[in-house]
Amino acid sequence: MRTISVRNHVTLILSLLLSLAGAAQDTTEFTSKPGRAGRYSLVAYFNAGGSYYSANRGAPAYLQPSLRRVNPLATVRVLWHPDRQLKAGLESGFMTFYSYGLKDSLGKKGRVSLDAVPVLLVWSMSVTDHLNIFAGSGAYFLTTHLDYEGKSKASRLAMGWMAAASYIWPLGKNAGLGTEFKWMYASGTSSGVLALQVQYVWKFAHW
Amino acid sequence: MPYSLTRTTFLALGLLLLGACRRDFDVRLPDNRWEAFEAPGTAPLGASVAARMEGVYTVAAGSDRFGADAVGKWSHTAAGADTVFHFSLFFGKDISYLVLEGRRRDSTLLLHGYWRSMTGIETGAVRLTVTPEAGGRALLLGTAIGAGGLVLEGAYGDGNGTPDRPLRFSFDRPLAASRPLEIVAHRGGGTSADLLPASENSLEILPYAARFGATGVEIDVRLTRDGVPVLYHDATLNERLIVKNGLVGPIENYTFAQLDGLVRLVRGNERIPTLRAALETILTRTPLRFVWLDTKFDAPIDGLRALQAEFQQRAAVLGRPLEIVIGIPDEQVLERFRALPGHRDVPSLVELETADAESVNARIWAPRWTLGLQNDKVAAMQAQGRRAFVWTLDLPENVALFLREGRFDGILSNYPTAVAYAHYIRP
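Sequences listed follow chains A and B, in order. Note that numbering that gives the first Met the number 0 has the first sequence beginning at 0, numbered continuously upward. Note that numbering that gives the first Met the number 0 has the second sequence beginning at 0, numbered continuously upward.
Please note that the accuracy of each hint is not assured.
DEER-style ranges, computed between Cβ atoms [unchecked claim]:
1) L105(A) with R178(B): 48 to 58 Å
2) R367(B) with G149(A): 56 to 66 Å
3) P165(B) with L120(A): 52 to 62 Å
4) Q63(A) with E334(B): 20 to 30 Å
5) A36(A) with A234(B): 46 to 56 Å
6) L370(B) with G149(A): 40 to 50 Å
7) V197(A) with L370(B): 15 to 25 Å
8) S62(B) with H144(A): 38 to 48 Å
9) E334(B) with L105(A): 50 to 60 Å
10) R367(B) with Q63(A): 23 to 33 Å
Calculated pairs, EDC-like style, for lysine to aspartate or glutamate (alpha carbon to alpha carbon, straight line, at most 20 Å) [claimed, not checked]:
11) K107(A) with D259(B)
12) K243(B) with D103(A)
13) K243(B) with E28(A)
To be clear about the criterion: a stretch of chain A counts as covered by chain B if any three or more of its residues have a C-beta under 8 Å from a C-beta of chain B, and this derived list gives those stretches [as the list claims (entries may be wrong)]:
14) 35-49
15) 77-83
16) 163-176
17) 182-189
Honestly, the hints are just simulated from the structure, not real lab data. Using N, Cα and C, we set each Cβ at its ideal position, and we do this for glycine too.
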């Protein structure tokens with residue numbers, strides 16, 4: 000009984016999304032600029048690329064670190080596009096701020112990696128038809144993975160923010176391919192990265 | 000209109016981010032050598048000379064910086080076979096103090112060190128001299144010192160600059176034999192945020208506590224993943240306390256070997272110490288007579304009890320007065336404490352209700368200062384043979400209030416210099 004109920008709900012939601020996506024076919028090529036009054040849409044941004052940890056601090060000299068500054072970064076953002084310039088939504092994903100190999104004073108080796116899952120409230124506006132800027136604040140769920148004298152894993156929550164700009168080339172009425180340049184920063188550990196990502200944009204609902 | 004509004008919003012956000020850039024402050028002890036102090040022919044001062052210098056002084060020159068009067072106290076730090084004596088002067092203005100080392104050349108005393116104001120980041124070098132005629136000879140001969148019979152004269156400077164501002168202290172009276180007060184330095188001597196010469200809860204800060212006028216210390220105890228009691232205050236590793244190294248999360252998630260190998264404390268790259276090493280330092284290197292183990296973990300406290308008993312015994316063998324109490328800050332630790340065999344005979348300090356202190360036969364009841372003077376409860380505890388400490392008193396006006404109108408036997412403070420001044424200056 001419970002299974003049938005859940006299946007019904009999923010079917011209903013999928014139907015709603017498909018109908019909204021179908022309605023989105025009415026527009027011309029994709030743009031983040033607001034449409035006519037009363038038109039709303041939901042847009043997903045799938046980002047993947049690399050980040051660069053720019054700070055000199057984080058891997059202290061006494062650990063003779065070999066720092067890996069460039070790490071993969073993948074994020075997903077869903078924004079509500081109203082009939083106004085300002086858009087809002089949520090962003091999450093997975094990232095590694097930095098990692099490094101280490102050697103202690105006795106020559107024992109190890110490895111540290113500081114990873115994060117950001118959950119940010121994001122605001123955005125279109126500067127031109129294809130150029131968008133984003134700013135967000137929220138939480139970073141930080142996790143240390145340590146491999147030194149045994150393995151350890153520990154997490155904490157830190158406040159943080161992001162700022163980004165992207166240029167999106169339309170791929171039809173409901174999709175676009177873009178490049179995003181952004182800065183992500185977790186204040187709890189003073190860790191920030193510059194990121195360059197390829198971006199796939201999909202307007203999946205429109206009413 | 001909406002378009003311009005959003006642009007304004009983003010502009011404001013950008014300015015806010017720019018304005019969020021912080022300025023880092025730091026205080027380092029002045030690097031200022033005094034050739035006369037280190038010249039051949041000088042010798043360290045002995046304990047007897049040091050004790051005779053203790054007293055209340057009038058600030059005859061330098062009162063614009065330090066105020067009208069000062070309290071002088073000696074302390075010592077043992078380093079192997081050597082003992083280094085420090086003469087500290089505590090002031091009522093700006094929570095300022097001097098910490099000086101002493102040497103003698105014939106009948107002249109030389110005092111060299113630094114000053115610091117705890118309301119800011121000001122510090123600098125200090126050089127003082129006591130000539131034979133100004134009391135140096137009397138000190139060395141053991142003659143009684145009266146008002147005006149001892150004058151410390153010299154100069155103080157700013158930062159690493161050569162001391163060039165006149166400074167003169169004139170002995171006024173001996174310290175009053177008022178009722179005893181335990182002056183307990185928070186986190187082993189003070190917080191890292193106050194930019195002290197060493198990190199809070201480090202081995203290196205412990206010798207400073209006595210120089211700051213403390214008679215005891217409160218230290219925070221946590222357990223590593225492999226059960227080693229260590230000193231650390233916060234619930235997680237963070238940049239307030241440690242050098243940034245990519246490690247985050249609870250200290251309980253790491254083994255001691257991992258913390259010892261990878262973590263350094265923020266003020267002086269110190270290691271996170273074990274409780275054993277901290278008690279060893281207190282016992283063998285400092286004159287501190289009281290230790291408050293603030294239990295910051297929720298696990299059996301048998302290991303804590305074993306270390307407490309071991310170091311109490313060692314102190315007794317050495318004939319060294321040292322009281323170590325297990326702090327009970329909450330109900331969970333209270334239950335852990337009750338699970339100890341013979342817990343009513345275990346020295347403890349309870350931060351909860353007076354009834355809780357009675358129930359485990361705590362030696363000390365320690366309420367938060369915001370609960371007020373509570374003279375009735377304090378008197379009730381004292382009538383039962385217990386003592387009452389208050390935490391954490393930092394503002395000089397609050398310290399003065401609790402000393403003037405309260406009945407507490409001990410004060411926990413981040414600024415023991417302020418408590419020492421307020422306590423000893425009283426007639």
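CA of K107(A) to CA of D259(B), is that 20 Å or under? 13 Å, holds
Hinted pair K243(B) and D103(A), Cα distance within 20 Å: 16 Å, holds
Using the C-beta atoms of P165(B) and L120(A), is the stated range 52 to 62 Å upheld? Given a distance of about 59 Å, which is inside 52 to 62 Å, the answer is holds.
Stated coverage of the segment 77-83 of chain A by chain B [criterion: 3+ residues, CB within 8 Å]: violated (count 1)
Holds or violated: the 40 to 50 Å window for the beta-carbon distance between L370(B) and G149(A)? 45 Å Cβ-Cβ, so the 40 to 50 Å window holds.
Could you tell me whether the CB distance from S62(B) to H144(A) stays inside 38 to 48 Å? About 58 Å separates the Cβ atoms of S62(B) and H144(A), which means 38 to 48 Å is violated.
Given the range 15 to 25 Å, decide if the beta-carbon distance of V197(A) to L370(B) lies inside it. 60 Å, violated
A36(A) versus A234(B) beta-carbon gap, inside 46 to 56 Å or not: 51 Å, holds
Tell me whether the statement that chain B covers the segment 182-189 of chain A is true, taking a Cβ distance below 8 Å and needing three residues at minimum. holds (count 3)
Between E334(B) and L105(A), is the Cβ distance one that fits in 50 to 60 Å? At roughly 41 Å between Cβ atoms, L105(A) and E334(B) fall outside 50 to 60 Å, so the hint is violated.
Against chain B, does the segment 35-49 of chain A show at least 3 residues with beta-carbon separation below 8 Å? violated (count 0)
In this structure, is the beta-carbon distance linking R367(B) and G149(A) contained in 56 to 66 Å? 39 Å, violated
When each numbered hint is compared with the structure, violations occur for hints 2, 4, 7, 8, 9, 10, 13, 14, 15, 16.
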